[in-house]
Amino acid sequence: MKRRDWLLLFAAYEGAPDGLDPIRFQKGLFLFAKRARAPERSKYVFKPYDYGPMSATIYSDLDRLVDEGLLERVSVPGKQWSRYKPSRVTFREGQRLLKQAEDEKLLDAARELFEIKKDVSGMGFNELLERVYADYPEFAANSIFRRSA
Amino acid sequence: MTLIVAVRCRDGVILGSDSQETRGERGRRLARSTRKVYEPHPGFLLAWAGAQDVAQGFALCLKRANDMSPNEDRLAIKDRLHAILSDVRKDPSVEGRSDNVEFLLAWWSRQENKPVALHLLSGGAGEWVNDWEFGGIRLGIERANFAVGAMRYIDPGALTLEQAKIVALKVLRDTIETSVEGIGGRVQMGAVRESGLEIIEEADMRGLHDTVDLWETQCIELLLGSASPSASETPDRGVRPPS
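Residue numbers (my numbering), protein chains in the order written: chain A, 1 to 149; chain B, 1 to 243.
Rather than coming from a laboratory, the hints here were simulated on the basis of the structure.
Each hint can be trusted.
Partial pick of chain B residues on the chain A-facing surface, computed with a CB cut under 7 Å:
id, residue
1, E162
2, D210
3, S226
4, S228
5, S230
Sample of chain A residues lacking proximity to chain B, with all beta carbon distances greater than 10 Å (derived):
id, residue
6, D67
7, G69
8, E104
Some chain A residues flagged as far from chain B (calculated, every beta-carbon gap over 10 Å):
id, residue
9, R3
10, A33
11, K34
12, R64
13, V66
14, E68
15, Y133
16, E138
These figures come from a predicted structure and were not determined experimentally.
Virtual Cβ for every residue (Gly too), placed ideally from N, Cα, C.
Make the full structure from the sequences, and use the hints.
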């Protein structure tokens with residue numbers, strides 16, 4: 001499993017049928033990098049950014065997945081960001097990636113990713129940022145959003 | 001025309017602009033993208049609005065001013081900049097040299113150990129930037145002032161450079177969204193801080209835009225509560241791992 005495979009599997013999991021914004025992709029894959037027992041080379045590398053942990057590679061990989069027809073980009077009224085929505089092709093690829101994870105003995109990591117998807121899809125941004133900042137304060141160092149102690 | 005913006009914050013200056021260049025008569029105008037924020041001379045950040053040929057002539061002369069440095073006294077720098085602009089406007093080889101043009105220039109004053117920014121106008125005037133300053137098309141300036149007024153509870157002098165980038169980007173975005181004729185395209189930005197200048201590249205602008213979107217969404221959540229993606233009523237055909 002490569003980094004991009006985990007990103008696509010994250011998108012294919014149930015929990016957000018209308019797709020997710022880039023911030024939730026960033027936070028989800030960050031939590032995966034921190035929590036999951038998977039080879040480090042298959043995880044994105046994050047830096048403390050304006051909104052907490054951020055990996056520029058996630059942006060480019062999302063673009064690539066859209067270009068390859070594996071995700072749909074849906075514009076959001078009033079915002080510059082897009083939502084990345086799974087399609088039938090995404091779900092089919094998701095099933096294939098689950099089989100691959102099983103073959104590579106990475107099912108526990110795949111289950112962890114599923115739990116993370118449920119979490120980040122089930123809360124608002126304020127709560128999501130608070131949790132990430134509380135658990136990983138070193139990645140909140142450059143955040144422009146000040147939190148109470 | 002254009003909209004250019006300068007904001008001085010706690011530890012630096014942000015310069016920003018739209019990216020649309022418009023040529024031709026009203027009703028038959030052609031718009032294309034052009035770079036309006038750049039570093040024409042080491043240590044100096046520039047944003048321009050108005051006649052492009054004059055702006056390019058000014059930037060070229062500034063580039064060639066080898067003995068000019070941000071280490072100099074800022075009043076001396078101001079005089080030099082005025083002299084350069086005056087020479088450009090007398091140069092018969094510069095097309096439209098008498099057309100209106102204005103600049104925002106920013107640098108880190110080594111003598112004063114603080115960021116400074118200057119609004120330079122083609123008529124010969126020059127104003128130091130205290131907090132917010134705008135140049136370009138009149139209606140755009142009015143809209144940008146309104147956008148700043150809507151956030152008057154934010155004191156730019158209390159912001160970090162990164163926070164000021166977000167606030168400046170929001171002002172530019174909100175102004176561009178009002179569709180003033182002559183303003184449009186992507187936002188360009190640069191920053192001056194003690195450690196040097198930064199031209200914010202396209203890839204980095206994406207992260208800044210996401211930060212503004214996140215900020216606005218958090219404001220919505222504060223008022224209306226959060227609407228999580230999992231609450232969608234769309235049938236969920238996503239996959240799940242075997243338990």
